[in-house]
Every structure is written in C-alpha cells, then in structure tokens.
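Here is how the chains run, residue by residue.
Protein chains: 2
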Amino acid sequence: MDYENECSCSKGRWIWYPGDFEIYHGMLQNFSREEREFFWPAYWQIDGCRKNVHFQKTYLIEANTQCTVFANCQGYVCINGQKHKFQDQIRIVPGMVKVEVFAGSPDLVPAILVQGEVIYTGAGWMADDFITEPVNAGWNERYRESEQNPAIWEYEEQTIKPVMVAEKNGGTLYDFGTELTAELDVKVLSKTEKGIHKLICYGESQEEAMDTINCYYSETIESLEICLRRRAFRYVFIPETGSEDCILCARHLYVDIPVKAAFYCEDKQINQIWETSVRTFQLCSGIFFIDGVKRDRWIWSGDAYQSYFVNPYVFFDEEINKRTILALRGNDPVRQHINTIVDYSMYWVLGIGKHYEMTADREFLEMIYPRMVTMMEFLESQLDENGFLVGRKNDWIFIDWAEIDKDGPVCAEQMLLAACYHAMNFAAELLGDPNHEYELKYRRLISSINAFYWDVEKQAYIDSYTSGKRHVSRHANIFAILFEIADEKRTTQICRHVLQNEKVPQITTPYFKFYELEVMCLLGKQEEVLKKIRAYWGGMLTQGAVTFWEEYDPAKENGKEYEMYGDPYGKSLCHAWAASPIYLLGRYYIGLKPTSTGYETFEISPNIKMFREISCRLPVKNGSVYVEWRENQLRIETDRDGGSLTYCGNTYPLYKGKAVMIKNNSCETEKE
Amino acid sequence: MDYENECSCSKGRWIWYPGDFEIYHGMLQNFSREEREFFWPAYWQIDGCRKNVHFQKTYLIEANTQCTVFANCQGYVCINGQKHKFQDQIRIVPGMVKVEVFAGSPDLVPAILVQGEVIYTGAGWMADDFITEPVNAGWNERYRESEQNPAIWEYEEQTIKPVMVAEKNGGTLYDFGTELTAELDVKVLSKTEKGIHKLICYGESQEEAMDTINCYYSETIESLEICLRRRAFRYVFIPETGSEDCILCARHLYVDIPVKAAFYCEDKQINQIWETSVRTFQLCSGIFFIDGVKRDRWIWSGDAYQSYFVNPYVFFDEEINKRTILALRGNDPVRQHINTIVDYSMYWVLGIGKHYEMTADREFLEMIYPRMVTMMEFLESQLDENGFLVGRKNDWIFIDWAEIDKDGPVCAEQMLLAACYHAMNFAAELLGDPNHEYELKYRRLISSINAFYWDVEKQAYIDSYTSGKRHVSRHANIFAILFEIADEKRTTQICRHVLQNEKVPQITTPYFKFYELEVMCLLGKQEEVLKKIRAYWGGMLTQGAVTFWEEYDPAKENGKEYEMYGDPYGKSLCHAWAASPIYLLGRYYIGLKPTSTGYETFEISPNIKMFREISCRLPVKNGSVYVEWRENQLRIETDRDGGSLTYCGNTYPLYKGKAVMIKNNSCETEKE
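Protein chains in written order, with the numbering used here: chain A, 30 to 701; chain B, 30 to 701.
Calculated from the structure, these hints are not laboratory results.
No residue lacks a Cβ here, since even glycine has one placed at the ideal position from N, Cα and C.
A couple of the hints might just be wrong.
[Stated by the list, open to error] If you anchor each label on the Cβ, the simulated ranges turn out as follows:
| no. | chain 1 | residue 1 | chain 2 | residue 2 | range |
| --- | --- | --- | --- | --- | --- |
| 1 | A | Ser175 | B | Gly573 | 45 to 53 Å |
| 2 | A | Ala564 | B | Gly151 | 52 to 60 Å |
| 3 | A | Trp425 | B | Arg473 | 41 to 49 Å |
| 4 | A | Ser175 | B | Thr188 | 36 to 44 Å |
| 5 | A | Gln177 | B | Thr188 | 37 to 45 Å |
| 6 | A | Thr87 | B | Thr624 | 56 to 64 Å |
In isolation and in its complexed conformation, chain A is listed as follows (with noise of 0.2 Å):
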C-alpha cells in the first residue's frame, strides 16, 4: 500500500490572517439584514478583512518530499526564494525549506491549504499582513479539503416540507411547523395565461404572511421554478393561488451544533419552555451569535454577551464563541464603539473573560489580548478627569430601552468599565503582561464610583452625579451586584430599596431582565424568578409561540402583538436574548457553575424544591453532568472529575462515572 501517497491529501487545513476569516463572514452577516424588498447593511462602519497576507514555515527537510499550494485567490509559493504557482506539485530536497506563500485578493477572505506529507498547513505556520509581525495562523477545523473555499460557509441543510397547506383569503396559506431560515424552492404547476407572476409572502405569524402589504419580506417571481434566497419564517402565503398550483419546500439552512442539554420536569409548560429556548438559541446561533433570524440579522455585543451566557448550559461550543469576539471587534486600530455603542465594547471585553472562564483556552486568549489592549486603550481615551468613562461627542451610551439620567458618566457605564478592569486584570496576570496597571485601575475605579453615586439617603446607586436629580434606576443597582462592586450591606440595601421597590420603575425589556433575574436568582428567589418565567416565557407559549420574541407584553391587543418600532411586523419572534430559561434553570435551579476555569473544577448545587421531579443533563468542558430529582432523593452523576455537589450545607466530591444519591433530605427540615 502506498501509505504516502494515501494519506497525504488529508494533512493540512486552511489557514488565514487570524481573525480575517472572521471578520470577513461577520461582514456578510451584517450585511444580510432585509427588509421589503431592500437589503439593509448595519449602520456602524463595518470592518473588512485583509487584502493580501503573507504565510510563512521555515522546515528542515531530510529527505524528498513535495507538496502542493492552494488557495482561494490570487498569489504565489516561494520556496527558498524560487516562485511557484498554485496548485503545482512542488519538489522539495533536502535542507532548511523556508516555505512562503503570498496571497491576496480583491473581494474574498485570502486563505491557503498546503497539502504535503512533511510540508503542509499545520503547527507552526505564521501569517503577516505586511505590517505586523508574524502571528500564528487562523484556521478553522471544517476547512481541510483542497476543494473548499473558506470564503464560503458550508451550511448543514435540512429539507422541510410545510406541515399544513390551506386555501384562506382567496390564496394559499402554507405552514412550515416551526420557524426556519430557509431557502424556499417554489415550483409553479398551473400557469395562468398572463404567464408566471406569483407573490410570494413570508411570515414568522400567520398574519404577517396573509398582509401581503406589510409583509416583512416578499417576493415576486416569475418563472415555473425557483429557489428564493435564505429568510426566516414559519409560514408562507401566496394570493390568488389554489392549494394545487404550487409546491413549496423548504432548504434550512443551518450551522449544525449540537445541542448537549435536556430538561424534563413534572411541569409541561416548563418543559417547553425549555424546548422554546434551546430551539429559539439554535436558530439564532448560526456562523456568530446574532440578535434574531429575521431581525435585524446583525452581530450584537449586547447580545452576544448573554449568548456567552447561554452557550456553555445548551451547546458549550467554543468555536461560535470565539467566531463572534472576533467578528465583532474587527480589526486595529479601534475607531468606533462595538455597533457604535460604548456599552458593548465593554461587554466585547467581558465576554472574552466568559469566554475564559467557560474555556480556559489560553491560546485564543493570547491571540485575543492585544485586541483587548487597544479596546481599553480607546476606552482610556474617553475618561474624564475622575476616571469616568464619558465617551466622545456623539457615542451612544445605552445600558437599557429605559428612563436613566445620562447627564454627565452615567453609573452603570463605570461599573462595566471596572468589570473591564477586572477582567483585564486577570488576563494580564495570567498571560504575564509585565506593565499592567488593571488591577490599580480597578481599585481606582471602584471607590471613585462608591464615591460618587451611593448615595446613602437613597440606599442605592444613583445614575448620575452630576445632574442633581440623583434619579435611581435598577440598571446600575442590578450591575453592583452582578460585579461584585456592592457589599453585603449595600446588596441588602439595594435589594430593598431598588429592587423590591415597586416605584423604581420596572425593566421592560427582556435584555435587561436576563440580568435582574439573575440577580434575582443569586440573592436567592428562584420561586419568584420561576413564577415569572412561567408568565412571561408560558405567556409566549399561550400565544402559540414556537421559539420565544424580542419582547412580549401580555397586555398588548390582539393584532398588536407582533408590532415594534413603529413597524406592524417590525418584532423579531425569533430572538436570542429570549432564550435566557436555559441559563437561569441550569446554572440557578440545577446550579451549575464552573469554579475554576474551563471547568477544571465545577460545582452543582441544586436549588430544585418547587419542583417534583427533574430529569436534567448539562454539558461540561469534555463532559457532561446528569442531574436527577424525584421523590425528593437527589441523583448526580458525571462523565469526568472534577465536580462537586453542594446541596443542604454539605459538599460531596463528584468522581466520573459514580453517582452520589442523597436519600434522605434533612434540608427540607432545615429550611423549614
């Protein structure tokens, strides 16, 4: 057998400017949003890759070997200084072989394969963009095969044919089941005699399909087969159509990640819920993170950051993580704020430590950080004389849809800035950054912030100190305790004078109660998060949701319920922050949560009394925890080490592949 030969082509992988492949699909997924009939690019200034890269491997070759270069545009192989073109089978002899490929192009994410027995794109190979230094290649594991192009994403496929079809309102109504992201091939049985001329209208609701006026999209078409571009919806309507003149099938379009969590309890609604959510966060986790499927489409950092949240209790998938932090933050130098708003170039640093703290992976880190560095050195420029972070004319500081004085630093922007700080801090220290002042800054930071908004009539953390108005918000309150900036005292303090008070005026918007329920959950109120989730979250399902909406108000009229933004179909029903149950039941009711990072160490500990019985796997860095609950006995089991169990006081080490029982409860005695 030629054992050479055979295995060859099977080395090396795609490798690019780190980050460029990236920013380069990032760049098309923002420039993906539609709307009737025009497309919509996101209106910050959106970052392309390099044009052109250098790659280079220096080898010490001891015997003949030969390898071949390809690439998805333009350039050229450099062996020891001698050209060679793409694609050629190139002979090498023995000695020191410095391998360059130079590679550019116009329009697309430049990459190269070099396949080869001893020289090929592995370990080793570094990429330069003609300025900076050479760095360690990018590369992404679904991208091996000499005829790939990574400019292209290679989305898994699904074909879906509509569960109903219905003739209403003179048309034809088809219902797909379930929200999708699909191409839709349309193929036209009966033509009229003025010819093909079908419109054919889109919904996420029924209603939204059968107004072929509002419609968020639409399109005429005009031949006997065709394949409409990828949209999200549920259902289809076509007017002036009977239920046998056309077939309609669906392509679903996805990136397939696994989904490595379930959860069942004796509560029907919970359970869906549950489903909702993982369905909801399926969807909207295609290349990156996005907001919703069919609005806006864009890469979030708001956003994204509570996917950060997410990910680890559903898919614990590194990969989208990583696709998304560097999506969103582009390339140097830094010239605007994430999606034009200071916030969230915050939560892009936060998410790294996330990122971090789900993963431990260094070597990300280590490509990551001197991003880091320059994001907080253009966060840095924009302080005021206190320290407060201010922004430039024009920056758009956002912390919530909500009423917050924004006179003067506004408090919650200082509070991100010092999570920043601190999770800076850590990042340096472990990479061994030498000159470092984050941790100075931070405690800096954090007394000037305790200096200027507690203010102690209130009891609480006020917006702004420079107004006068010392107008309280649960924003910031929220943040004090998420960040650890209050004490004990000052968390008691808040959570009777903010958060349990009914005149500061309620979080009205599902991103910003991700963060209050958790709050909520970490001071110990999971009944009362629960009886929320089930009338917000069960509210959707009462309305016949299949995957959970950017927002949902039970009071709205009906007919009014998908209205946003002035838009009568303008809500997203398919939105990523709506799938927040499954990071508050995993990580506040089954209480999992890593205590070292990347899951090194992780503790379970359950807080499941309002339910009767709980069947619940939870994914872990290389593993997975199974929880169960049924006649008050508890039952925990795992795949690898390192867990342990904390339940009534007791903390029990968790062993792979050894359940712990705990037959008789004496909590519920305790508590009681």
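Since chain A is already given, all that's left is putting chain B on it; use the hints.
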C-alpha cells in the same frame, strides 16, 4: 416638449466616499500584476475602500417633485425618515426634505446616483462612513448614467491587427507593430486530431515571445475562440502553428487622455525620442500612473512623482494626478510607508505640491489636506533627537539603487523631509490652518542638515554623519540643488566637486537620472543634456525600441538587453520614468514653466540655440502655447493671457492670440 422629463436623466452623477473610488481601483491595479501564469499582488498592505457609506443632502422643496436612486450595491433610501427602495420613483412633497442613502457592498466600492429634476446627486451631497464627519462626496465626470457601475472602469477600446505575420521556428510570430495593453482574441481555424491545444506566448520583444519557456506571459488555450485577459505585449508567438492556422486580433484597452503637446525639430532622432516618450507615457498612464505596463503594473509613489512632472507637458490631465494621489495614500490611519519606502511617503506629499502648482485646485487640496497632515504625523513619529527622519525598524530607506551610506539618518531623506515641510507650509498657509509649525520645522531642519551633512573639506553634502565615512554620492547633492537647500556658492561647489567629478560614482538608474538631468538643465547645461538624451534614448531607438525601457545599458551584450532582476525578460520595455525627455524638452529647452500656481501666470524662456528649427505646442492650464524657431527667428503664440516670454534678458508679455516674433536676435552676440 416635456422638458422636465427630457433632461432629468442627465442630472445627477455617481457619488461615493471621497477617495474610495480611487482606493478601490488602485487596489485592483495593485492586484493586476501577472507573471508566468500566476498573479502577484503587491507586497505591501493593500488598502480597501469603505464597505458602507451614508450619503445625505437636505433640500427645501417648493413644488412636488420626484427622484430615483440607483446604486451599485445594497441599501436603501431614507426620505425624512421614510424608507424607500433603490430604483423606485419616489414622490416628494414640498417642505424641508432630508434625503439620506445608506449604501454598502461586501466587495465593490459603494456608489449611488440620484436622478431627479431638483433632487439629484450634485454639489452639496455629503458622505460619511459612520465614523467621520460628513465630507463632500467624491465623483468622477465619467460616471453619470444609471446603467454604469463605478466599480467597473470603462476603458476605451481600439482593435489592432498584426502588422506582420511570419512563420518562424515551426511556429508563427505576430507583430502588432507597437506595445499594447490588450485583450487578445484568438480564433483557431485548423483543429488537429488531438483537439485544440495552442500555447500563446507573448513578448515585449520578439526574443521574448519566441522563448516559449521563459516568456513572461503565456497561456495554453483549448477552445476554438477565446478572448485572453489584458496583457502588455507587442509580439505573440504560437509554436507548432502555421500562419494560416489562427487569426489574432488585439483589443487594446486604454484610458483616453488626449495628448496636447507636439514637438518637431530638424533632428529626426530627437523627434522620434519625443514621439516614443509620448507613446511610452501614454501606455503607462491608465487609471493611474503606473511604473510599467508589463511589470510591475503597480502604483509606485516614486515613479508617479516623476509622472507628475511629465504630465503638464503632454496631457495636462488633472484627473490622473488626483486618482494616483488618492490611490497611493489609501485610508487613515497611516500604518506603513507608501510602497513600504520612507522616501516614497514623502514623494506623495511633494506630489500634491506639484499637483497644486499645476492646477491650483483648492478643492482637491482641501480634501486631501487632512490626509497630508496625518502622513506628516506618521513621518514625524519617526524622527530622532535632531529632528532627522530615521524610519522604523525594517522601514525601507531607498533613495536609489546606488552606493549610498545608509548608516544612521540619511542626508537625502532629510532633504525630502525639508521639502515636505516646505510644501506643507504652503498648503497650511493657503488653507488657513491656524496652528501649524511647518515653516519653523522647515527652517530648523534646513539648519540641521547644513550643520550635520555639509562637509567643508569635500565641498559636498555627505550621505551619513554617523558612520564617519563621509561618503559623497550624487543623490543628496542633486536634491540640495533641486530643493534649493544649497545656496549659490554651495551649488557651484557641488557642481564642481560632485556633479562634474568623475570620481563620484555615476547615477545608473533612469529613475535618478531624471533628477540629475534636471539639475544639469537648471545649471544651464542643455547642450550636454541633449547629448546624453541622444546617447541614452537614441541608443534604445537604435536597438529597435518602440517604447522606452526601464533601464538601458549600451554595453549589454546582445541577448542580454532584456534581462533585469535576474530574469531574462524581467526588464520592462515600456516604463513611465523613461518618458522624461518630454519634461526636459518642454521645461528646459522650450522653457515653459508656471510662475504662479495653476499657470495663472507662466513663462517661456527658450534655450534652443542647439536646434535649427523647432515647431512645438505645449499645454498650459486651459490653453496652450505654440513655439516656432526657424532661421534664428522665434515666434510665440498663446491662446490664453498670463504668459510672458523671457529671451536674451528681455521679457515680453504674451497676449491671447497675439503672436510675439523676435526677428533680430542679439542674444547670440551677447552670449559670445
């Protein structure tokens, strides 16, 4: 007649973010280099244009009107906050109307065209990239029709048939008579049994085309009819092919920049040198000033700088200057020297000064001035403690392919920097930039140059003061005269101890020969320069040149004349910098030069005693001058006011349409 509808189509022009059109096409230009079946992208960081742009203008509309927006990309129109599609006719009612267009493309330069009677893309349309403050949108006179796409350059075409077809070495040689940049249409008439399989070999020279192994471009065709991509060539050779087997036709693609100059004298060789220079310069003047048509096809700042000198004496085309300047610079921030060369960054600044001298185009200067300032900041971040420019580690200090002592700060670089300060001071003063200190910096630097580099004993500027070698090269001393750094006394000293000193190594590149010949002309050595022109350029003609070469060494043996950079056909046989006779003849023999910016006033001071007769037309801004010299009689005519004739110590004003004749020439006597 429906006048309104009739003319509405012609109103409006395509617009883009200023500079993006040029950066985009410049990127394509720097990707167009081909060599032996592969592409060779430029080896510096190639900038791309913006991905998305926001355009706007606010109107006070007095009567119902309408407009239509066209785009070559994605996006939408927003009129007073209401979204519309591209290509829809949009009705607009009276009142204040804010028209905004959001346009983006993942790969092309985003551009829009608004057509309408009142609302159309013309003056007052602003562009921003979501970061910068809005600036005047960029545009180009060539793009006014809705069917056009500014991402596609529309070349003029000329069909050229071979002037000679001859069977040689078992194949057929086609001679197109002159160098072309053409697509080649190949029609194969006789199909052999083996199918079609023809090797098409190109050559700038016959030798190159017939060297089927080593020729720069070759391509194997497998079909009966094919159009081969644009390449530079004069000859095509097809081996194993009879002269009746194929029909070849070249579609020469070029940018039609009219030649506004003519030169005729009694010396046929000089006439041919002029004509060949013009042909060479035309071929190298496409969308941009490039170095050569076969190689590199790149935009080099040093080469372009010399083209800015030639341009006013043959095209007087302002547009190609602007396109080249914008493409070379790319976007902020400056991360790298232009073409990676420190001196080339400075030629870029000086080139704008040269352009302004020619055009007095204040609008362009205002647009480019901020980019000049950031370029100067980049340069000034690389100064040493004496204010000398040293570049950064790995930056390329080029000056010339010559023995220059490059230890420490190099003298010629400082002289370029001084010239930059001088040009910046002029621009800053003109535009009223309040706080600049270019004049001060200029004076300081000049004083330091004289203190550190003038060697009293050698009576010359030395290359380096740090090495202790006190090495004298011609380069810095040429700059000292050109940039008026040396006073009259030192100029005389340099002349004697450097320029006329055989011991100082000769300039060997035509690139720096340009400056040397200019200095010699400035010093009144026109007779000597003419001899050099006859020997060097005349020598190429003797060797059969139809365009002038990158380099010419009469001593090179037969068969070696096309060799360069270790490549048997590496030499470009059509190279812009070889067109300098146009400039030298126009500027220093006819003696035309502007005496104020934009040729508001200009002078003709002929130095043509070495000719028996001359008939020459040269352009000036918005006009031309016509010079006749015959039987010692001089006749000057202009079609514009503002000129003056300086001749034999007298000055004569020139008036539009009124010829000045100088019949009895007393000069000759005086000179004797």
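#### Entry: Hint numbers contradicted by this structure
Violated: none.
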